[in-house]
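*Asks:* Residue numbers (our numbering): 4 to 433.
The set of hints was computed from the structure by calculation and includes no laboratory data.
Heads up, a few of these hints could be off.
Capping the alpha-carbon separation at 25 Å, the derived lysine to any residue pairs in SDA-like fashion look like this [to be verified]:
(1) LYS110 with LYS140
(2) LYS362 with GLU272
(3) LYS140 with ARG183
(4) LYS427 with GLU415
(5) LYS256 with LYS220
(6) LYS94 with GLY138
(7) LYS224 with LEU43
(8) LYS94 with LEU131
(9) LYS261 with PRO303
(10) LYS362 with ILE325
(11) LYS151 with ARG51
(12) LYS111 with SER158
(13) LYS66 with ASP49
(14) LYS261 with LYS93
(15) LYS256 with GLY304
(16) LYS298 with GLY213
(17) LYS290 with ILE356
(18) LYS210 with GLN154
(19) LYS220 with ASN208
(20) LYS66 with ASN78
(21) LYS256 with GLN399
(22) LYS362 with VAL432
(23) LYS93 with PRO126
(24) LYS261 with VAL165
(25) LYS336 with ASP358
(26) LYS362 with VAL16
(27) LYS110 with ILE82
(28) LYS362 with VAL350
(29) LYS66 with ARG96
(30) LYS210 with GLY221
(31) LYS261 with TYR230
(32) LYS66 with ARG51
(33) LYS111 with ARG183
(34) LYS362 with LYS261
(35) LYS290 with GLU361
Each pair of labels, with its calculated beta carbon distance range [to be verified]:
(36) THR323 with GLY64: 55 to 63 Å
(37) GLY64 with GLU18: 40 to 48 Å
(38) GLY304 with ARG72: 31 to 39 Å
(39) GLY211 with LYS362: 43 to 51 Å
Glycine included, every Cβ here is placed at the ideal spot set by N, Cα and C.
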Amino acid sequence: MDQYIIKGGNPLVGEVEIAGAKNAALAILAAAIMTDDTVLIENLPDVRDINVLLEAIAEIGAKVDRINRSTVRINGSTIQDISVDYEYIKKIRASYYLLGALLGKYKKAEVPLPGGCNIGSRPIDQHLKGFRALGAKVDIINGAIVAKADQLHGSHIFLDMVSVGATINIMMAASMAPGRTIIENAAREPHVVDVANLLNCMGANIKGAGTDVIRIKGVEKLHGTEYSIIPDQIEAGTFMFAAAATRGDIMVKNVIPKHLEATTAKLEEIGCEVEEFDDAVRVVASKRLRRTHVKTLPYPGYPTDMQPQIAVTLALAQGTSIVTESIFENRFKYADELARMGANIKVEGNTAIIDGVEKLSGARVSAPDLRAGAALVIAGLAAEGITIVDDIVYIQRGYENFEHKLRSLGAEIERVSSEKEIQKFKLRVG
Numbered sequence: 004m005d006q007y008i009i010k011g012g013n014p015l016v017g018e019v020e021i022a023g024a025k026n027a028a029l030a031i032l033a034a035a036i037m038t039d040d041t042v043l044i045e046n047l048p049d050v051r052d053i054n055v056l057l058e059a060i061a062e063i064g065a066k067v068d069r070i071n072r073s074t075v076r077i078n079g080s081t082i083q084d085i086s087v088d089y090e091y092i093k094k095i096r097a098s099y100y101l102l103g104a105l106l107g108k109y110k111k112a113e114v115p116l117p118g119g120c121n122i123g124s125r126p127i128d129q130h131l132k133g134f135r136a137l138g139a140k141v142d143i144i145n146g147a148i149v150a151k152a153d154q155l156h157g158s159h160i161f162l163d164m165v166s167v168g169a170t171i172n173i174m175m176a177a178s179m180a181p182g183r184t185i186i187e188n189a190a191r192e193p194h195v196v197d198v199a200n201l202l203n204c205m206g207a208n209i210k211g212a213g214t215d216v217i218r219i220k221g222v223e224k225l226h227g228t229e230y231s232i233i234p235d236q237i238e239a240g241t242f243m244f245a246a247a248a249t250r251g252d253i254m255v256k257n258v259i260p261k262h263l264e265a266t267t268a269k270l271e272e273i274g275c276e277v278e279e280f281d282d283a284v285r286v287v288a289s290k291r292l293r294r295t296h297v298k299t300l301p302y303p304g305y306p307t308d309m310q311p312q313i314a315v316t317l318a319l320a321q322g323t324s325i326v327t328e329s330i331f332e333n334r335f336k337y338a339d340e341l342a343r344m345g346a347n348i349k350v351e352g353n354t355a356i357i358d359g360v361e362k363l364s365g366a367r368v369s370a371p372d373l374r375a376g377a378a379l380v381i382a383g384l385a386a387e388g389i390t391i392v393d394d395i396v397y398i399q400r401g402y403e404n405f406e407h408k409l410r411s412l413g414a415e416i417e418r419v420s421s422e423k424e425i426q427k428f429k430l431r432v433g
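Please put together the full structure from these sequences, using the hints given.
*Replies:* Following this line, the structure appears as structure tokens:
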């Protein structure tokens, strides 16, 4: 099992290039099979989740041609099977996007109930409610969602809660449902907009993505296109907090600063200098940071996927901070790991109370999920001494070349898989 070994204490300094957005890419790959023409997708992040979904798409019969690590060509004309294998679903939750894509194109789909990071229940009732409103009969049979329709039709759908997954899934199916569909209380995340833009490039008629009301006029068929995915705002935010926690100076390149506003606002509030450019953001932390309160909210609020990273940074800030998680109930599983490194963090329900300490010290910790894993790496980089992070398979699900990018900023970090390699690293760094 691979681990990261880190010698902390170096401020991270330099430039880092951000990859394409994983969460946008997962939905965009699913949408690409909705036409019989070829779709070329660029700026794809080379991470485990993407590779697993591409395997799942090839498994149902689509042609998948990986031109290079960030470009793929997909042709869905050869799809034989509308049933997705459980092997893929249990690894990544986002395979459920194949439901909306297959239902829209073939009027039937069968996808097992999803897996992914265990950060709390993410009910899919809103997805199913949307499919039913579009005219599909949806059942759960032997652990799989089975959706069928003789004919889909437009509908007026009000989501009971803001859900990115449901918004995207309903949007995909509705883009090929005759008539008009209105989705109210829709998610406004940048990746919802990105998927809508791709579908529109393929001939769909979607208006209002990025607002809470999306209007869709169903079209008969979609066509091929070439499309480049937006940069990953969560990867960008992770490096921004890495600069803050290690008192570094990082230029984060290939970003859309508007997507980072909630993160930027919090960094400035705790005492970082943040400079924005057209497609880059520079974060400088020259002194000890100060406390703040933060509550996760749907976009444009503070993202739940950036919650562990700010918590690690606040563990080193002056004063008492309160972090409230309003999206997922299991998002504080990293708190015990952080406490092993000397952080003073208490979790009560959906709130973490953090008393900042002067310094963290290296320890052996375990990544409980993707974002918390990345946050524990940041903690290790800021801590004194050696930190070992176990279960980094979670981190590899969503960060491309994570250790290489960190090393280019001056981090002492290595991916190891044996006790011998750990000893070698310790000898090397002294």
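*Asks:* Take the C-alpha atoms of LYS110 and ILE82, compute the straight-line distance between them, and say whether it is at most 25 Å.
*Replies:* 14 Å, holds
*Asks:* Has the given pair, LYS362 with VAL16, been kept, meaning a C-alpha gap of at most 25 Å?
*Replies:* Holds, because 20 Å separates the two Cα atoms, which is no more than 25 Å.
*Asks:* Within a Cα-Cα threshold of 25 Å, do LYS220 and ASN208 meet the stated pairing?
*Replies:* 5 Å, holds
*Asks:* Assess, step by step, whether the Cα of LYS261 is no farther than 25 Å from the Cα of TYR230, and give holds or violated.
*Replies:* 20 Å, holds
*Asks:* CA of LYS94 to CA of LEU131, is that 25 Å or under?
*Replies:* Holds, because 21 Å separates the two Cα atoms, which is no more than 25 Å.
*Asks:* Decide if the proposed pair is consistent with the structure: LYS362 and GLU272, CA atoms, cutoff 25 Å inclusive.
*Replies:* Answer holds: LYS362 to GLU272 is near 21 Å, not above 25 Å.
*Asks:* Within a Cα-Cα threshold of 25 Å, do LYS66 and ASP49 meet the stated pairing?
*Replies:* 19 Å, holds
*Asks:* Check whether the Cα positions of LYS111 and ARG183 lie no farther apart than 25 Å.
*Replies:* This hinted pair holds, its Cα atoms lying about 20 Å apart.
*Asks:* Please verify whether LYS298 and GLY213 have alpha carbons no more than 25 Å apart.
*Replies:* Holds, at roughly 21 Å.
*Asks:* Between GLY64 and GLU18, does the beta-carbon spacing fit 40 to 48 Å?
*Replies:* 42 Å, holds
*Asks:* Is the hinted pair LYS151 and ARG51 satisfied, with a Cα-Cα distance of at most 25 Å?
*Replies:* 30 Å, violated
*Asks:* Given the hint that LYS256 pairs with GLN399, does the C-alpha gap stay at or below 25 Å?
*Replies:* 21 Å, holds
Violated hints, in rising order: 5, 6, 11, 14, 34; the structure is consistent with all others.
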